[in-house]
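Protein chains in written order, with the working numbering: chain A, 1 to 219; chain B, 220 to 341.
Read the hints as simulated data drawn from the structure, not as lab findings.
Source: prediction; values computed, not measured.
We put the beta carbon where it would ideally sit given N, CA and C, even for glycine.
A hint or two may mislead.
[Said to hold, decoys possible] Quick list of the computed label-pair ranges, beta carbon to beta carbon:
no. : chain 1 : residue 1 : chain 2 : residue 2 : range
1   : A       : ASN204    : B       : HIS232    : 16 to 24 Å
2   : A       : THR152    : B       : ASP309    : 40 to 48 Å
3   : A       : ASP149    : B       : LYS233    : 31 to 39 Å
4   : A       : ASN204    : B       : SER326    : 42 to 50 Å
5   : A       : GLU60     : B       : SER326    : 18 to 26 Å
6   : B       : ASP248    : A       : VAL99     : 25 to 33 Å
7   : A       : ASP149    : B       : HIS232    : 42 to 50 Å
8   : A       : ARG90     : B       : ASP309    : 49 to 57 Å
9   : A       : PRO78     : B       : GLY328    : 43 to 51 Å
10  : A       : LYS128    : B       : ASP303    : 31 to 39 Å
11  : A       : PRO74     : B       : ALA318    : 43 to 51 Å
12  : A       : GLN130    : B       : ASP314    : 34 to 42 Å
13  : A       : PRO78     : B       : HIS232    : 33 to 41 Å
14  : B       : ARG272    : A       : GLY159    : 23 to 31 Å
[Said to hold, decoys possible] Just some of the chain B residues that point at chain A, by a computed CB distance under 10 Å:
no. : residue
15  : LEU240
16  : ASN308
17  : ASP324
18  : PRO327
19  : ALA330
[To be verified] Here chain B is said to cover these stretches of chain A; the calculated rule only asks that three of the stretch's residues, wherever they fall, bring their Cβ under 8 Å from a Cβ of chain B:
no. : region
20  : 95-104
21  : 157-169
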Amino acid sequence: MKSPATAPQNVDPAFAAWAAELQGLDPRSHAYQETLGALTLLAAENGVALSNGEAAKAQELPPGFVHREELAAPMVVPGAQFERTILPLRGQDHEVKVVELTSDQGRKVRVCDLRAQTDVSLKGATPKTQADQARVDSAFLRDLKGFADTRTARDTVEGIQGVCYSKVRGTKLRSYWLVVRPAGDQGDGVPLIARVGDCGNGTNYQQALYRRLFGMNMS
Amino acid sequence: MSHPRESSDPMGHKISSYAVLGRETNTADEWVGADVAVVVTDAGRFLLNILTREAYRNEVVQAATSELASLTPEMFAAEPDYRDSYVVNDLALTDDVLARELGGDVSPGLASALWHDGPLEG
Chain A
1 MKSPATAPQN VDPAFAAWAA ELQGLDPRSH AYQETLGALT LLAAENGVAL SNGEAAKAQE
61 LPPGFVHREE LAAPMVVPGA QFERTILPLR GQDHEVKVVE LTSDQGRKVR VCDLRAQTDV
121 SLKGATPKTQ ADQARVDSAF LRDLKGFADT RTARDTVEGI QGVCYSKVRG TKLRSYWLVV
181 RPAGDQGDGV PLIARVGDCG NGTNYQQALY RRLFGMNMS
Chain B
220 MSHPRESSDP MGHKISSYAV LGRETNTADE WVGADVAVVV TDAGRFLLNI LTREAYRNEV
280 VQAATSELAS LTPEMFAAEP DYRDSYVVND LALTDDVLAR ELGGDVSPGL ASALWHDGPL
340 EG
């Protein structure tokens, strides 16, 4: 993914304009992230590789967030937390790497990824292409930003308390997640979100995911 | 983009049952959207996303603005099987609204929003 910086040659003049605009923005600002996102797309169209620093930044900070910090110590999420929700995660505690993100509204949220623990169960129901995975990831990050700022989720699974999902518009692609620690480990007001599984766009995928992730039939 | 219908074309067939899988609410905590599993007689199981008109409009606007910032080149590599949501004119969803929209035969408008998700199970 990362490649050395290359000098743009005979590329779209808009590229130079975007790059110049980026230089004048605060890297912590939302405008910087939006401009970097547009520059990344334009660079790809022109076959230009961004510098290591720029490419790394584009991957680390999701849109709408201005600060990212990986917590030094992992957290333990008890398996009991999933007793009535996520079938493959019950019965054992999970030590997780946690990332704390700060939104452009100054709100913090912590997030961990438990999909590695559910992937075997969900085999055959997850997104099949890199494009579909990118769409699901984007939807999750969109809703993560929304949750960080409002402490509410837009879409919730019916009949399973606390499980939320992120929807990719016009598709059956879904990313499932839940709040495992509403107020943070030390009561510091920072919730911990656990991402638990993604559903692909294929036939029968959602039925399969419902059975394997939630232990229930869809209807 | 064409969508293979096979013998699972639901148009004109009766909806025998449906179940809400997911619920979407707006900032005022009003019920404005839902993922629904639909069983259609002689056609199979389907999935549907239903939205109020305002929720649909907000979704389109969001997709056109803030989501552009998170687009990556690989998203353009292959377009997914896309179906528009089924949009209702009600301000909010209720059980009665769902019963009205999903309580009869499958209309052409509804059919275009349904994804076939498998055959009826015995």
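Hint-by-hint comparison with the structure:
1. A:ASN204 / B:HIS232: 16 to 24 Å: holds (20 Å)
2. A:THR152 / B:ASP309: 40 to 48 Å: violated (22 Å)
3. A:ASP149 / B:LYS233: 31 to 39 Å: violated (44 Å)
4. A:ASN204 / B:SER326: 42 to 50 Å: Check failed, 25 Å falls outside 42 to 50 Å.
5. A:GLU60 / B:SER326: 18 to 26 Å: violated (47 Å)
6. B:ASP248 / A:VAL99: 25 to 33 Å: holds (29 Å)
7. A:ASP149 / B:HIS232: 42 to 50 Å: For A:ASP149 and B:HIS232 the Cβ distance comes to about 44 Å; the hint holds.
8. A:ARG90 / B:ASP309: 49 to 57 Å: Distance hint for A:ARG90, B:ASP309 is violated at roughly 39 Å.
9. A:PRO78 / B:GLY328: 43 to 51 Å: holds (47 Å)
10. A:LYS128 / B:ASP303: 31 to 39 Å: violated (22 Å)
11. A:PRO74 / B:ALA318: 43 to 51 Å: Holds, at about 48 Å.
12. A:GLN130 / B:ASP314: 34 to 42 Å: holds (40 Å)
13. A:PRO78 / B:HIS232: 33 to 41 Å: violated (47 Å)
14. B:ARG272 / A:GLY159: 23 to 31 Å: holds (27 Å)
15. LEU240: With Cβ-Cβ at 6 Å, under 10 Å, it holds.
16. ASN308: Hint violated; B:ASN308 Cβ to chain A Cβ min 20 Å, cut 10 Å.
17. ASP324: With a minimum Cβ separation of about 19 Å from chain A (threshold 10 Å), the hint on B:ASP324 is violated.
18. PRO327: Nearest chain A Cβ about 18 Å off; hint violated.
19. ALA330: Result: violated, 16 Å to nearest chain A Cβ.
20. 95-104: This one is violated; 0 residues, fewer than the three required, reach chain B with a Cβ under 8 Å.
21. 157-169: holds (count 6)
Checked against the numbered hints given earlier, the structure breaks hints 2, 3, 4, 5, 8, 10, 13, 16, 17, 18, 19 and 20 and satisfies all the rest.
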